[in-house]
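Heads up: the protein sequence lines correspond to chains A and B, in order. If you use the numbering used here, the first sequence closes out at 270, no skipped numbers anywhere. If you use the numbering used here, the second sequence closes out at 270, no skipped numbers anywhere.
Careful: at least some of the hints might be erroneous.
Since the list gives no way to pick one copy over another, a pair counts as held whenever it fits inside one copy or between any two copies.
[Claimed, not checked] Here are the simulated DSSO-like pairs of lysine-lysine, each with C-alpha atoms no more than 30 Å apart in a straight line:
1. K159 with K200
2. K184 with K200
3. K145 with K200
4. K246 with K184
5. K159 with K202
6. K182 with K159
7. K159 with K246
8. K145 with K184
9. K145 with K159
10. K202 with K145
11. K182 with K200
Source of the hints: derived by calculation from the structure; they are not laboratory data. Quick caveat: nothing in here was measured; it's all calculated off a predicted structure.
This is what each chain is made of:
There are 2 protein chains.
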Amino acid sequence: MDTQQMAAKIIVLETAALEEWNKGNPTPYLELLSPDITYFDPFLEKRKDGFESMRIFYEGLRGKGKVDRYEMIDPVVQLYGSVAVLTYQLHSYADGVDFPWNCTEVYREKEAGQWQIVHNHWSFIRPMDLEWLK
Amino acid sequence: MDTQQMAAKIIVLETAALEEWNKGNPTPYLELLSPDITYFDPFLEKRKDGFESMRIFYEGLRGKGKVDRYEMIDPVVQLYGSVAVLTYQLHSYADGVDFPWNCTEVYREKEAGQWQIVHNHWSFIRPMDLEWLK
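Let's have the full structure, built from the sequences with the hints guiding it.
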């Protein structure tokens, strides 16, 4: 596979997992997570480390947080050998509310063709007051 | 270098750049950024792509946002060949205010011993109301 095909494959993996997540089904994401996954999101005070911690977390969200519609904006895949860094912005529309996200997914090709997520960072897009910088 | 030494080296690179950043000096970070850097932070509505975009952004912050004291919490380095994923939490204290951050830095060893940042994602640690998930 050339770089473009590889990048497209990563986006297909992410989109397929995301679409199930939006129905309240975390299974496809769980199937992608590496045993050594590290994870940040704005609902958590601490990073989650390791698959078991994520399994418990995601199973607790099963059937919740359903998303009616989403837009994946400007996905970029940076490929470095067996590692792919996918970044995109996401608008998830749930109950008429737009949740705007920045997303980083670091994928690793553990075996030929078998990609796993080794790191995931979700944050809200929220430009903030720069006054304190002056 | 074994894995532990490599991980330690990445944390040293990051800490050295961060300490200068905290004095208002973005130069060490700029020296680490890869030409294909992708960057998210909560002050930006869009991802920044590429070194030149980051250079302009960081030069605009030179001398600003000075941090009196910081704590880097629980840094973890995940190493995959020539790629290292560094994640940590950071408390930056400026003018008596604690700015609590989640940080992802993806480093790549471009040539032997020469590490560059290919992706950086900053977000605020802010647990949020989960009501909408119910």
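Evaluation of the provided hints:
1. K159 with K200: Classified as within: same-chain Cα gap 8 Å, cross-chain 44 Å, threshold 30 Å.
2. K184 with K200: within (19 Å within a copy, 32 Å between copies)
3. K145 with K200: within (28 Å within a copy, 41 Å between copies)
4. K246 with K184: both (21 Å within a copy, 29 Å between copies)
5. K159 with K202: within (5 Å within a copy, 44 Å between copies)
6. K182 with K159: both (26 Å within a copy, 27 Å between copies)
7. K159 with K246: within (28 Å within a copy, 40 Å between copies)
8. K145 with K184: The answer is both: 26 Å in one copy and 23 Å across copies each meet 30 Å.
9. K145 with K159: Cα proximity of K145 and K159: one copy only (22 Å, versus 42 Å across).
10. K202 with K145: within (25 Å within a copy, 42 Å between copies)
11. K182 with K200: both (21 Å within a copy, 28 Å between copies)
Hint compliance for this structure: no hint is broken.
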